[in-house]
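Top to bottom, those sequences are chains A and B.
End of the first sequence sits at 274 in the numbering used here; the numbers just go up one at a time, nothing left out.
End of the second sequence sits at 84 in the numbering used here; the numbers just go up one at a time, nothing left out.
One should not assume that every hint holds.
One-sided and incomplete, this derived list gives chain A residues near chain B with beta-carbon spacing under 8 Å [said to hold, decoys possible]:
no., residue
1, 48
2, 51
3, 55
4, 59
5, 140
6, 143
7, 145
8, 178
9, 180
10, 182
11, 240
12, 241
13, 242
14, 247
A short list of chain A residues far from chain B (calculated; beta carbon distances all over 12 Å) [unchecked claim]:
no., residue
15, 117
16, 162
17, 174
18, 200
These aren't lab readings, by the way, just hints derived from the structure by calculation.
Quantities reported herein were computed from a predicted structural model and do not represent experimental measurements.
Beta carbons are placed, not taken as given, at the ideal position from N, Cα and C, and that holds for glycine.
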Amino acid sequence: MNFIDPHIHIASRTTDDLAVMARMGCVLVAEPAFWMGYDRSGTNSFHDYFRQLTEWEPRRCANYGIHHCVWMGINAKEAEDVGFAREVIAELPQFLDRPDVLGVGEIGLHKCTKNEVATLEALIDLALSSNEQMLFHTPHLEDKYKGTRMILDLLANEPRVDPARVCIDHCEEHTIRLALEAGCWAGITLYPTTKATPERTADMVELYGSERLLVNSSADWGPSNPLAVPDFMFTMRKRGHGPAAIRQTVYDNPLRFMRASRNFRFTPPDGSSA
Amino acid sequence: MFTPCSAAETLDREFLTFRAKLVDLAATLDRIDRGEGTPTADPRYKLLRQGLELLAAQEGDRASRMQMLFSLPYDPRWRTDTST
Ligand SMILES: [Zn+2]
C-alpha cells in the first residue's frame with residue numbers, strides 16, 4: 001500500500017533511507033523547515049537552507065520516485081531572538097510561491113516564552129496575509145500541554161484563521177482532543193522514546209476516529225525512524241483495521257490536507273487528479 | 001469494517017509485553033536504589049512514584065492522565081501574566 005509521510009526532515013536523511021522508504025511504498029513526503037540541531041549564524045544560512053529544501057531535496061527524492069513538498073518557516077528553537085527572527089521571516093515570502101511549498105511551518109512554541117510568542121504571531125500574520133496553510137510544532141514533554149493550549153489561544157483570537165487549513169502536530173493523548181475540538185487537523189508523531197508509539201497512535205485512531213488525523217515520522221537528525229509510518233500501518237493491520245481505514249490515515253488524509261495548498265503539484269501514481 | 005478486539009483478546013496479545021515492561025520498571029527502580037544516595041527528594045523521582053500509583057488506579061483514561069502528570073500547568077490568563 002502506498003503511503004505519505006506528511007512530516008519528515010529529508011535533509012537529515014540518507015539515500016539509503018529514501019531507497020527503503022520508496023520500497024515500503026512512500027510516494028510523497030512533506031518536509032517542514034526546522035532547527036538543524038545547532039543555531040544558524042545568520043540570515044544567509046536560512047536562505048541557503050530554504051533553497052536546499054525547495055531545490056535540492058526534491059531532486060534527491062525524485063530519484064526514488066518520491067514527490068517532495070515543503071513547509072517554510074522558522075522553528076521556535078530559533079525564535080527567541082525576535083529581531084533576528086524578523087529578518088528570517090522577511091526571507092520567507094520569496095519562497096512561498098515556489099512549487100510544492102505547502103505553507104508556513106513548522107512554526108510554534110518550544111519553551112513558551114514571550115519572545116517565542118512574538119515571533120510566532122509574526123509568522124501567523126505572514127501566513128494569513130498570503131492565505132497559506134499552517135503547520136504547528138507543539139513543544140516537547142512537560143511543555144506540550146501548555147504550549148498547545150497557547151497556540152490554540154493565539155489561533156482562536158485571530159478571526160482570519162480557518163482551522164481546517166491548520167495542522168497541530170506532535171499531538172499526544174492529552175492534546176489531541178484540544179486540536180480536534182478547535183477544528184484543526186491533528187498530527188501524531190511516532191518517535192522511539194518521546195511522542196507516540198504505533199500502538200498508542202492506533203489507540204488514538206480508535207478513540208477519536210481518523211477523520212482529521214495525520215500520522216508522521218518527523219524523522220530528523222536525532223533518534224527517529226523514517227519507516228515509522230509503515231510500522232504504524234502494520235500495527236493497525238494486526239489490530240484488525242482494514243485496508244480502507246489504514247489508507248485513510250496514511251494516504252487519503254494527508255492528500256486531502258495538502259490539496260488545500262495552492263502550490264501543491266503532486267499527481268498520485270494511481271492517476272487521480274491532485 | 002473494524003471490530004475492536006475483546007478485552008480478553010487484547011490481554012492475550014499484550015500480556016508478555018506488559019509483563020516485560022513491568023519487570024523492566026522493577027529492575028530500573030532496583031538500579032536506582034542500588035546507587036549511592038537517595039533520590040527521594042528529587043521531584044522527578046516523586047513524579048515517577050506518582051506515575052506508578054496512577055497505573056494501579058482503577059479509573060480509565062490513564063494515558064491522558066499520565067501525560068498530564070508530567071505536564072506544566074496552563075494558565076488561561078497567560079497573555080496578561082507578565083511572568084510567562
Ligand atoms: Zn519536525
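Each hint tested on the structure:
Checking residue 48 of chain A against chain B by beta carbon gives a least distance of about 34 Å; that is not within 8 Å, so the hint is violated. A distance limit of 8 Å between C-beta atoms decides the matter here; for residue 51 of chain A the minimum to chain B is near 36 Å, and the interface restraint is violated. Here the hint on residue 55 of chain A is broken, as its CB sits about 39 Å from the closest CB of chain B, past 8 Å. For residue 59 of chain A, the interface hint is violated, since its Cβ never comes within 8 Å of a Cβ in chain B; the closest pair sits about 40 Å apart.
Restraint check, residue 140 of chain A versus chain B: the minimum CB separation of about 11 Å is more than 8 Å; hint violated. Among the interface hints, the one on residue 143 of chain A holds; its C-beta lies about 6 Å from the nearest C-beta in chain B, closer than the 8 Å criterion. Hint on residue 145 of chain A holds. Least Cβ distance to chain B is approximately 4 Å, under the 8 Å limit. The closest approach between the C-beta of residue 178 of chain A and any C-beta of chain B is roughly 10 Å, which is over the 8 Å cut-off, so the hint fails.
The criterion of a C-beta within 8 Å of any C-beta in chain B is not met by residue 180 of chain A, whose closest approach is roughly 13 Å, and the hint is violated. Look at residue 182 of chain A: its Cβ only gets to about 14 Å from chain B, farther than 8 Å, so that hint breaks. About 6 Å separates the beta-carbon of residue 240 of chain A from the nearest beta-carbon of chain B, less than 8 Å, and the hint is met. Contact between residue 241 of chain A and chain B, as hinted, is supported at the beta carbon level, the nearest pair being about 5 Å apart and thus within 8 Å.
For the restraint placing residue 242 of chain A at the interface with chain B, the shortest Cβ-Cβ distance is roughly 7 Å, inside the 8 Å limit, so the hint holds. About 13 Å separates the beta-carbon of residue 247 of chain A from the nearest beta-carbon of chain B, more than 8 Å, and the hint is not met. With a cut of 12 Å on Cβ distances, residue 117 of chain A falls inside the contact zone with chain B, its closest approach being about 8 Å. Consistency note on residue 162 of chain A: stated as away from chain B, and its beta-carbon is indeed over 12 Å from all of that chain's, at 22 Å minimum.
With a closest Cβ-Cβ approach of about 4 Å to chain B, residue 174 of chain A is found to fall inside the 12 Å limit, against its non-interface label. At the 12 Å boundary, the C-beta of residue 200 of chain A falls inside the reach of chain B, the nearest C-beta of that chain being 7 Å off.
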